[in-house]
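A.B. asks: Residue numbers (the UniProt record's numbering): 1 to 647.
If you are wondering where the hints come from, they were derived from the structure by calculation, not from laboratory data. Note that beta-carbon positions come from the ideal geometry of N, C-alpha and C, so glycine has one too. Any given hint could be a false lead.
As the list claims (entries may be wrong) - Result set (EDC-like, lysine to aspartate or glutamate): computed pairs, CA atoms no more than 16 angstroms apart in a straight line: (1) Lys244 with Asp256; (2) Lys83 with Glu130; (3) Lys353 with Asp241; (4) Lys244 with Glu275; (5) Lys343 with Glu283; (6) Lys83 with Glu73; (7) Lys244 with Glu433; (8) Lys343 with Glu366; (9) Lys244 with Glu432; (10) Lys83 with Glu97; (11) Lys368 with Glu386; (12) Lys353 with Asp282; (13) Lys368 with Glu432; (14) Lys244 with Glu426; (15) Lys368 with Asp399; (16) Lys83 with Glu120; (17) Lys244 with Asp282; (18) Lys353 with Glu433; (19) Lys353 with Glu432; (20) Lys353 with Glu426; (21) Lys353 with Glu283.
To be verified - Label-pair distances were calculated between CB atoms; the ranges are: (22) Arg90 with Asp161: 25 to 33 angstroms; (23) Thr486 with His250: 36 to 44 angstroms; (24) Ala435 with Lys368: 22 to 30 angstroms; (25) Ala446 with His252: 33 to 41 angstroms; (26) Ser612 with Arg387: 17 to 25 angstroms; (27) Asp161 with Gln198: 23 to 31 angstroms; (28) Glu366 with Gly280: 21 to 29 angstroms; (29) Pro424 with Gln198: 55 to 63 angstroms; (30) Met183 with Pro147: 52 to 60 angstroms; (31) Arg267 with Gln378: 33 to 41 angstroms; (32) Leu174 with Ser98: 30 to 38 angstroms; (33) Arg303 with Asp506: 29 to 37 angstroms; (34) Glu485 with Gly309: 48 to 56 angstroms; (35) Leu177 with Pro81: 36 to 44 angstroms.
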Amino acid sequence: MIHRARLSLPRRFRTLRYGLIGATGLLAVLAVAGTSLAVSYQRSIDEAGRYNRTFDAGQTALEIVRLQLSIAEAARDGVEPVKLRYAILRNRVGLIESGIFPVAEMRGELLPLLRNAVRELEPLIARLPEAAAISRAGAIVGPLIQPLVRMTSMAHAQAGDRIAENQVRLRHLLAGLCAMTMMLVLVGAALIAFVLRQNARLDHTVRRDALTGIANRLSFGARLGTLARTGERTVILVDVDHFKTLNDTHGHDIGDLVLTRVSQRLRAAAPDAAEIARIGGDEFALLYEGEEAGRRSRAACQRILARMGEPVLTDGREIAVGVTLGFASAAGDDEEGEAGLLKDADIALYEAKLAGRGRAVEFRPEMKHAFLYRRRLQEDLRGAIERGEMHLAFQPVVDLRTTRTRGFEALLRWRHPEFGAISPAEFIPLAEENAQILEIGRWVIAEAARAARPWPETVFVAVNVSTRQFADGGLVDHIRDVLAETGLAPNRFVVEITETVLIDNDEAALRTMGVLRALGCRVSLDDFGTGYSSLGYLSRFPFDKLKIDRSFLANGRIGENGLAIISTMCTLARRLRLDVVAEGIETEEQRLLVSRAGCGLGQGYLFGRPESAADALLRLQREEVDDRLALRAGGGTVRPVPAALSA
1 MIHRARLSLP
11 RRFRTLRYGL
21 IGATGLLAVL
31 AVAGTSLAVS
41 YQRSIDEAGR
51 YNRTFDAGQT
61 ALEIVRLQLS
71 IAEAARDGVE
81 PVKLRYAILR
91 NRVGLIESGI
101 FPVAEMRGEL
111 LPLLRNAVRE
121 LEPLIARLPE
131 AAAISRAGAI
141 VGPLIQPLVR
151 MTSMAHAQAG
161 DRIAENQVRL
171 RHLLAGLCAM
181 TMMLVLVGAA
191 LIAFVLRQNA
201 RLDHTVRRDA
211 LTGIANRLSF
221 GARLGTLART
231 GERTVILVDV
241 DHFKTLNDTH
251 GHDIGDLVLT
261 RVSQRLRAAA
271 PDAAEIARIG
281 GDEFALLYEG
291 EEAGRRSRAA
301 CQRILARMGE
311 PVLTDGREIA
321 VGVTLGFASA
331 AGDDEEGEAG
341 LLKDADIALY
351 EAKLAGRGRA
361 VEFRPEMKHA
371 FLYRRRLQED
381 LRGAIERGEM
391 HLAFQPVVDL
401 RTTRTRGFEA
411 LLRWRHPEFG
421 AISPAEFIPL
431 AEENAQILEI
441 GRWVIAEAAR
451 AARPWPETVF
461 VAVNVSTRQF
471 ADGGLVDHIR
481 DVLAETGLAP
491 NRFVVEITET
501 VLIDNDEAAL
511 RTMGVLRALG
521 CRVSLDDFGT
531 GYSSLGYLSR
541 FPFDKLKIDR
551 SFLANGRIGE
561 NGLAIISTMC
571 TLARRLRLDV
581 VAEGIETEEQ
591 RLLVSRAGCG
601 LGQGYLFGRP
611 ESAADALLRL
621 QREEVDDRLA
631 LRAGGGTVRP
641 VPAALSA
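Modelling step: build the complete structure from the supplied sequences, incorporating the hints.
C.D. replies: See below:
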């Protein structure tokens, strides 16, 4: 089994990626936390620089001294300065009680002294300026100065220690932040390197085909676009023949194996190619550039065809693989550029397919005109029915003994408003390519049934059904609906198919044929004798009729070998209880020969060219009249003329 390459990264790369992302996130969190701490420490240092709490302690000592002086001079200056200084002292005591000083021990020793002093001073101040009050107040205030000065010194020392400690922490923190910044830079560089490596790997993956390992369409287009337009260059397109059928028949695993083998053979057959790519599901491209690119590419085409002729071996089975090639060359500064070169190669590939596949075709300028003509026809096919450009012609199928009409084959005709009558050999393949054949085919079935409705009950109408139509799941339902709508008896409706229908999907074809015959319709094998396995089809598929291909009557003569082959076919058909129709009868001699060989029915210009539905009905009317006259002349019973024919 072929496994397609995965685009996901290997496990070691995923682990590295997650590790780098995690480390980056952790470092980022640490950096944010460290920055917050640094800001906090810096704020403390700034605050200490702007405002020192020991200042309050110093001011308290100063106020005590001032209070002491005001008390000593109370007899001269009066009581008011003492009261003012006392009030300031009482306020300072309140500040000390609030915990503004960081020295807890000093705060514990000093507060009781200050409280007692404030309490004892209050009644003494009321007695000033008595000498005894002045003396007592001075004795209370004097002992407070020493403790306050000591507390101020210790607070100042502790504040300095705190600032120094914060500065040390800040230096350590800044060092850590610098280290983390360096680590972030390193991790970032690693992430960038990882992303660049991953992008390079993904770019390589995007430009490679996951199944075959060779370049893909994107890579091929990029390489083609960078070519210098000074030298010779050639593009070869390689298409695997009938790859969809191979996939449907053998399965997608075998299909993948075939594509892989094709890519390997291309590399082996064209080692000198500048680029080999898979540009579509079953399409490959090769690029040659430089000196003698055209000659080297032609040689490569022959080597590719030779190598692809070998079957692919798998599980003991041999699978035939065929390819079709189209190539185009350009030299110098081509006006259309490299995109035009690719289009030219595609046109050559299309011509190779039309010519029968399994070959290499080089682009020629006139091919482009034919290609544009076909594209125009393909575009104009859309809506051709609605515009009234399509119509049916009916070619008679006669009894070779009596030459009386037994049925008609409905043939599609298209009259283009600009190009005139377009051969079905031109527009039917175009309709097959883009599924327009489904809509056209449904219209043909409905029109043929409506035209055949007024014919005698013994006259049939035959409709050709293409491969794509026969594979359409709605074909049988459409035929059933048309027969019900028109009232045409199912046994008068003949579905004609070719061997191609059976080659593409024989199992589905067998089921569809069974349903059609169960509905009452008949099935005919067209162009019998031209395929390589017609006899095998006759033994397996339930046909009601076979049509001997017109090639056996070519050039107006039937040789002994041709007559022997026709006789053998007729003998085989009789044994299988099949009706036989010989196509392409143009002379009376041919009619007699194929009739003696055993053919019961014939079709060709001897009996009539394709004609309109009205002329077909008129033909049947004339034959009916001739039959009546012949019966009357012979004294027999005259059959009544059907209402439709007498109208």
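A.B. asks: Against each hint, give a clear statement of whether it holds in the structure.
C.D. replies: Quick rundown of the hints versus the structure:
no. : hint                                   : verdict
1   : Lys244 with Asp256                     : holds (12 angstroms)
2   : Lys83 with Glu130                      : holds (15 angstroms)
3   : Lys353 with Asp241                     : holds (9 angstroms)
4   : Lys244 with Glu275                     : violated (26 angstroms)
5   : Lys343 with Glu283                     : holds (14 angstroms)
6   : Lys83 with Glu73                       : holds (13 angstroms)
7   : Lys244 with Glu433                     : holds (14 angstroms)
8   : Lys343 with Glu366                     : holds (14 angstroms)
9   : Lys244 with Glu432                     : holds (15 angstroms)
10  : Lys83 with Glu97                       : violated (21 angstroms)
11  : Lys368 with Glu386                     : violated (29 angstroms)
12  : Lys353 with Asp282                     : holds (14 angstroms)
13  : Lys368 with Glu432                     : violated (21 angstroms)
14  : Lys244 with Glu426                     : violated (23 angstroms)
15  : Lys368 with Asp399                     : violated (47 angstroms)
16  : Lys83 with Glu120                      : holds (14 angstroms)
17  : Lys244 with Asp282                     : holds (9 angstroms)
18  : Lys353 with Glu433                     : holds (12 angstroms)
19  : Lys353 with Glu432                     : holds (14 angstroms)
20  : Lys353 with Glu426                     : holds (14 angstroms)
21  : Lys353 with Glu283                     : holds (13 angstroms)
22  : Arg90 with Asp161: 25 to 33 angstroms  : holds (31 angstroms)
23  : Thr486 with His250: 36 to 44 angstroms : holds (42 angstroms)
24  : Ala435 with Lys368: 22 to 30 angstroms : holds (25 angstroms)
25  : Ala446 with His252: 33 to 41 angstroms : holds (37 angstroms)
26  : Ser612 with Arg387: 17 to 25 angstroms : holds (18 angstroms)
27  : Asp161 with Gln198: 23 to 31 angstroms : violated (54 angstroms)
28  : Glu366 with Gly280: 21 to 29 angstroms : holds (26 angstroms)
29  : Pro424 with Gln198: 55 to 63 angstroms : holds (57 angstroms)
30  : Met183 with Pro147: 52 to 60 angstroms : holds (53 angstroms)
31  : Arg267 with Gln378: 33 to 41 angstroms : holds (35 angstroms)
32  : Leu174 with Ser98: 30 to 38 angstroms  : holds (35 angstroms)
33  : Arg303 with Asp506: 29 to 37 angstroms : holds (34 angstroms)
34  : Glu485 with Gly309: 48 to 56 angstroms : holds (51 angstroms)
35  : Leu177 with Pro81: 36 to 44 angstroms  : violated (56 angstroms)
Checked against the numbered hints above, the structure breaks hints 4, 10, 11, 13, 14, 15, 27 and 35 and satisfies the rest.
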